[in-house]
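These protein sequence lines are chains A, B, C and D, in that order. Our numbering puts the first sequence at residues 74 to 223. Our numbering puts the second sequence at residues 74 to 223. Our numbering puts the third sequence at residues 74 to 223. Our numbering puts the fourth sequence at residues 74 to 223.
Hint data in this document are derived by calculation from the structure and do not stem from the laboratory. From the three backbone atoms N, C-alpha and C, an ideal C-beta is built for every residue, glycine too. Don't take every hint at face value.
Using C-beta positions, here's what the derived DEER-type ranges look like [claimed, not checked]:
| id | chain 1 | residue 1 | chain 2 | residue 2 | range |
| --- | --- | --- | --- | --- | --- |
| 1 | A | Ile161 | C | Ser90 | 52 to 62 Å |
| 2 | C | Ile161 | B | Ser90 | 17 to 27 Å |
| 3 | C | Ser90 | A | His92 | 50 to 60 Å |
Okay, derived cross-link-like pairs now, BS3-like style, lysine-lysine, Cα gap no bigger than 25 Å in a straight line [claimed, not checked]:
| id | chain 1 | residue 1 | chain 2 | residue 2 |
| --- | --- | --- | --- | --- |
| 4 | A | Lys167 | D | Lys99 |
| 5 | B | Lys99 | A | Lys99 |
| 6 | B | Lys167 | B | Lys209 |
| 7 | A | Lys175 | D | Lys99 |
| 8 | D | Lys135 | A | Lys159 |
| 9 | C | Lys216 | C | Lys135 |
| 10 | B | Lys187 | A | Lys175 |
| 11 | D | Lys175 | C | Lys153 |
| 12 | B | Lys167 | C | Lys216 |
If we take Cβ atoms under 8 Å as the criterion, some of the chain C residues that face chain B in the derived model are [to be verified]:
| id | residue |
| --- | --- |
| 13 | Tyr100 |
| 14 | Arg116 |
| 15 | Glu119 |
| 16 | Phe131 |
| 17 | Cys197 |
There are 4 protein chains.
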Amino acid sequence: MSGENDKNIIFAAKFQSMHTYQHEVKYYECDRMGVTHHSNYVRFMEEARVDWLDQLGFGFEKIEAENVFSPVISISCEYKHPTTFKDIIDIDVKISKMSETKFEFEYTMHANGKLVCIGHSAHCFIENGRPVAISKRLPELYKALVELSA
Amino acid sequence: MSGENDKNIIFAAKFQSMHTYQHEVKYYECDRMGVTHHSNYVRFMEEARVDWLDQLGFGFEKIEAENVFSPVISISCEYKHPTTFKDIIDIDVKISKMSETKFEFEYTMHANGKLVCIGHSAHCFIENGRPVAISKRLPELYKALVELSA
Amino acid sequence: MSGENDKNIIFAAKFQSMHTYQHEVKYYECDRMGVTHHSNYVRFMEEARVDWLDQLGFGFEKIEAENVFSPVISISCEYKHPTTFKDIIDIDVKISKMSETKFEFEYTMHANGKLVCIGHSAHCFIENGRPVAISKRLPELYKALVELSA
Amino acid sequence: MSGENDKNIIFAAKFQSMHTYQHEVKYYECDRMGVTHHSNYVRFMEEARVDWLDQLGFGFEKIEAENVFSPVISISCEYKHPTTFKDIIDIDVKISKMSETKFEFEYTMHANGKLVCIGHSAHCFIENGRPVAISKRLPELYKALVELSA
Chain A
74 MSGENDKNII FAAKFQSMHT YQHEVKYYEC DRMGVTHHSN YVRFMEEARV DWLDQLGFGF
134 EKIEAENVFS PVISISCEYK HPTTFKDIID IDVKISKMSE TKFEFEYTMH ANGKLVCIGH
194 SAHCFIENGR PVAISKRLPE LYKALVELSA
Chain B
74 MSGENDKNII FAAKFQSMHT YQHEVKYYEC DRMGVTHHSN YVRFMEEARV DWLDQLGFGF
134 EKIEAENVFS PVISISCEYK HPTTFKDIID IDVKISKMSE TKFEFEYTMH ANGKLVCIGH
194 SAHCFIENGR PVAISKRLPE LYKALVELSA
Chain C
74 MSGENDKNII FAAKFQSMHT YQHEVKYYEC DRMGVTHHSN YVRFMEEARV DWLDQLGFGF
134 EKIEAENVFS PVISISCEYK HPTTFKDIID IDVKISKMSE TKFEFEYTMH ANGKLVCIGH
194 SAHCFIENGR PVAISKRLPE LYKALVELSA
Chain D
74 MSGENDKNII FAAKFQSMHT YQHEVKYYEC DRMGVTHHSN YVRFMEEARV DWLDQLGFGF
134 EKIEAENVFS PVISISCEYK HPTTFKDIID IDVKISKMSE TKFEFEYTMH ANGKLVCIGH
194 SAHCFIENGR PVAISKRLPE LYKALVELSA
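Sequences and hints are given; from them, build the entire structure.
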């Protein structure tokens with residue numbers, strides 16, 4: 074029980090100290106209009122998600138080593154302001170929804186002091202081609218995600 | 074007035090004869106899980122939209138020649154089934170929403186007889202950095218879009 | 074022996090009838106200068122190579138089903154003329170070098186009646202992490218490649 | 074004359090202190106074989122070149138502000154070892170050839186203590202659609218490049 078509490082405290086502390094992910098826009102990511110092509114934000118979201126899970130101690134390779142895969146169910150982006158070559162995009166990630174089988178991230182992206190994009194992505198977990206309850210299959214991760222979504 | 078009717082008939086006829094856009098999945102579009110990386114569907118949507126506007130007679134270069142740009146305001150994808158290398162994705166495009174300043178496309182994608190992805194994208198028109206009413210600035214296109222969204 | 078001859082005749086005939094691969098430049102493939110980003114030609118070369126091997130009857134999946142992989146050893150591109158959105162690039166593929174363990178493709182790309190790029194790629198075959206002689210492991214493909222490189 | 078010497082000393086000092094560019098391989102940069110897709114190295118080379126010119130004080134935007142563009146004439150890559158998701162690729166850039174109208178970069182890429190790729194890219198300068206002598210149009214940059222290629 075106190076072990077439980079300790080872990081919660083550890084996750085809370087981890088979360089407090091988690092850094093914002095940064096992506097610097099590359100030349101090849103800009104389009105004919107001179108701005109970051111809109112499809113690339115979906116890739117920046119993946120980069121930020123990978124980094125966020127790493128910081129939490131549940132990297133992709135750790136999850137995949139359990140033979141569990143986490144496909145993307147849906148994504149969305151609202152573009153608020155264009156960015157361009159060499160802009161630094163700060164991406165803050167948080168859990169916006171959470172159930173036993175599905176969880177959703179929200180990405181808030183800023184550059185040059187402006188909100189540039191808000192993104193969402195929803196994910197489930199798959200083992201041997203079938204959806205699994207995260208709470209049962211990866212209880213540690215589930216606990217961490219629930220706590221962070223509180 | 075009858076000229077108006079004629080045009081409506083022409084658009085209706087055009088729309089009837091518009092073909093489904095096809096994208097064959099490339100090797101470099103597949104990821105470590107062996108499936109089409111989810112970010113690429115946003116690019117397939119752009120390809121289908123470009124083709125759809127071309128078929129309608131309002132290609133990107135025609136619109137840009139008017140010094141009008143049409144940025145993407147938002148996009149979303151619901152992934153229903155994975156696809157992989159060499160799959161042919163059939164993409165049907167339709168106008169799902171329409172106002173004087175904004176319009177929205179819906180993309181229904183099938184491969185191997187299965188629904189693989191449903192996408193949406195919303196767009197506005199910009200001239201000299203400011204939003205313009207499509208109905209006033211590009212009345213012909215507006216008329217065509219309204220009709221097709223009916 | 075006559076079976077051998079027949080096959081040679083079949084390959085020669087196949088080669089005669091092989092079509093040029095075409096890539097239409099996508100909006101998202103163009104950069105801030107308004108031209109096709111140079112890195113994309115390496116992808117067009119892969120597309121053309123996949124198509125060429127398919128036409129020859131040795132598709133990637135057929136080779137990979139033998140548990141043999143064919144990594145890229147080297148690539149090069151000489152850019153002769155820029156291309157842009159909606160340009161159709163015609164890509165002609167031929168075998169430019171050939172040994173027991175290595176083969177090289179040459180790609181000649183034209184658009185709008187101009188030579189736009191000349192590319193090369195070299196490949197070997199790998200089985201269980203080790204290079205294998207194509208002549209022994211995939212004798213049919215070896216024969217076809219030798220013949221076409223003559 | 075001594076101003077000349079000072080500049081040379083400044084460039085030499087700059088060059089001494091120039092850092093190696095690092096690219097961390099992203100999930101979406103890996104292909105079906107689980108390794109970094111070969112086309113992406115051409116993009117990593119561009120990233121490293123942009124960073125190198127920035128460190129030297131001749132960023133892309135500074136050159137483009139002079140209305141001078143620097144298209145890629147040719148590129149090549151020799152792939153020595155595969156890399157994968159999360160690998161850190163160290164990219165060292167140097168001038169490997171230099172003339173009044175053309176210059177060539179060499180990129181040496183290491184990851185996990187192994188040589189993974191050697192790349193080359195050649196560039197010229199264009200103003201109003203015509204090649205210009207770097208020595209005349211951008212004498213400061215020319216001097217820096219000559220010195221660094223010595």
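Structure-based check of each hint:
1. A:Ile161 <-> C:Ser90: 52 to 62 Å: Holds: the Cβ-Cβ distance is about 53 Å, inside 52 to 62 Å.
2. C:Ile161 <-> B:Ser90: 17 to 27 Å: About 22 Å separates the Cβ atoms of Ile161 (chain C) and Ser90 (chain B), which means 17 to 27 Å holds.
3. C:Ser90 <-> A:His92: 50 to 60 Å: 59 Å, holds
4. A:Lys167 <-> D:Lys99: The given pair, whose Cα atoms are some 20 Å apart, holds under the 25 Å limit.
5. B:Lys99 <-> A:Lys99: 23 Å, holds
6. B:Lys167 <-> B:Lys209: 22 Å, holds
7. A:Lys175 <-> D:Lys99: Status holds; Cα separation ~24 Å.
8. D:Lys135 <-> A:Lys159: Given that 25 Å is the threshold and the Cα spacing comes to 13 Å, the pair holds.
9. C:Lys216 <-> C:Lys135: Distance of about 16 Å is within 25 Å: holds.
10. B:Lys187 <-> A:Lys175: 23 Å, holds
11. D:Lys175 <-> C:Lys153: 15 Å, holds
12. B:Lys167 <-> C:Lys216: Given pair Lys167 (chain B), Lys216 (chain C) is violated - Cα atoms ~50 Å apart, limit 25 Å.
13. Tyr100: 6 Å, holds
14. Arg116: 5 Å, holds
15. Glu119: Glu119 (chain C) check passes; min Cβ-Cβ to chain B is 6 Å, inside 8 Å.
16. Phe131: 14 Å, violated
17. Cys197: At 17 Å from the nearest chain B Cβ, Cys197 (chain C) fails the 8 Å test, so the hint is violated.
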